[in-house]
Amino acid sequence: MLESILRGLSGLGSGGIELFSSQGLPNLVMLFVAAGLLYLGVKKQVEPLLLVPIGFGGLLANVPLGDLMQEGGLLRILYDMGISNELFPLLIFIGIGAMIDFGVLLENPKILLFGAAGQIGIFLTLLLALGLGFTQLEAVSIAIIGAMDGPTAIYVTSQFAPHLLGAVSVAAYSYMALVPIIQPPIMRALTTQKERVVRMGTLKKSVSPTAKLLFPIVVTLVTGLIAPKGLPLMGTIMLGNFMRECGVVARLTKASENEIANIVTLFLGLAIGGTMEGKAFLTPQTLLIFGLGFIAICLDTVAGVLFGKLVCWASGGKVNPLVGAAGISAYPMAARVVQVQGQRYDKRNYLLMHAAGANTGGQIGSVMAAAVMLSVLNGMGLI
Amino acid sequence: MDNWAFGITMTIVGVGGTFLTLWILSLVMSLLKKVFPLSPEESKTDKKP
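Line by line, the protein sequences are chains A and B. At the far end of the first sequence sits residue 383, using this note's numbering, and the numbering has no gaps. At the far end of the second sequence sits residue 49, using this note's numbering, and the numbering has no gaps.
Excised from the complex, chain A in its bound form (with noise of 0.2 Å):
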């Protein structure tokens, strides 16, 4: 009897004794990471709604003997729902084009390009991940954090590097927070004095509610052909817009962008920080990943710049360079970036409205890279 309490008894607390052994160090050491990424939500509030979850998911993975990722844990389920079969981004890209006014774009369409011009850092960090080593694959998901866009990021990488998912969707999801950090100095030393006072005057409202009703619907047909295995991306964005601007399906709409995209953020942050456990997550590669996911907005914003650059010069100076840099995912953050720093050399200088429509290009712009690359891919049959 006495035996069996000693033994019972040795249950309680062996959590503890494994923690504060020596196989327990990398548990210990992501717990405070994961205390880390639960105080930059919470007391910074730097992308809050998916770093409270995923420092708690990354918290639960790393209590020793929890179990929590393994077959029938809470995390495990969590991530084989959606997750492995890549159902959670897809959802929340519903939500997204639910939530993003493409009006501003189709007022100026020819904005759109700047949304290509910000994603050449995903494949310029393609060829840096290359040459540190990684497998093709593997390089194909770090670059991609350049696309500045979680869901994508995940999306991507839940498919070709799954061991590397944890790292590449906190990179990228703090590098998207740190967006009016990185992004001005950059701006600034690639701009002259001359170039970022250049004023882009209104834009006239121009658009018919036919014309936005179409656009998701020939977006999806466009991008669909041209780039098939990106279709699940453009076409969730692009389902969400629809319901958006039809207008008759107004319950749906709010779903999408609300309960569906809360709920599916909750499970998807608690997954990825599931995927945190300190002995994957502890190696020299992640350092690269955050190193390389650093690297990749720095390039993308030089080449919106330089883009932007180039198309003040080709249009006699009727845009400012600055907008380029807003050609990225990062939507709103990168428009009021752009917004902020014009301001800051001309106090009448507004912006906003061509940086959003350069912004929600870069929103289109970082899933069609997404696209292509997974279509090229298939082409060389990788995938």
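Hints may contain errors.
Claimed, not checked - Listed next, the in silico BS3-like pairs over lysine-lysine satisfying Cα-Cα at most 25 Å (straight line):
1. A:LYS194 <-> A:LYS279
2. A:LYS110 <-> A:LYS205
3. A:LYS194 <-> A:LYS318
4. B:LYS44 <-> A:LYS318
5. A:LYS204 <-> A:LYS43
6. A:LYS318 <-> A:LYS347
7. B:LYS44 <-> A:LYS204
8. B:LYS34 <-> A:LYS205
9. A:LYS110 <-> A:LYS194
10. A:LYS347 <-> A:LYS309
11. A:LYS254 <-> B:LYS34
12. B:LYS33 <-> A:LYS110
13. A:LYS194 <-> A:LYS347
14. A:LYS204 <-> B:LYS33
15. A:LYS205 <-> B:LYS33
16. B:LYS34 <-> A:LYS204
17. A:LYS110 <-> B:LYS34
18. A:LYS205 <-> A:LYS347
19. A:LYS318 <-> B:LYS34
20. B:LYS44 <-> B:LYS34
Hints listed in this document are in silico derivations from the structure and should not be mistaken for laboratory results. In this text the structure is predicted, and so the values were computed from the model without any measurement.
Assemble chain B onto chain A, guided by the hints.
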């Protein structure tokens, strides 16, 4: 395919493909605006608070 051939192919086709697709999309969007222009009634509706 070795890593450099892969990387350069992805970069050229990726950047080119993204620019080309978005350029085509911008043309299609301009066409949409021309085929379905904003009518005066819709314009007035937009100006209402």
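Please flag the earlier hints that this structure goes against, numbers listed from lowest up.
1, 4, 5 and 11
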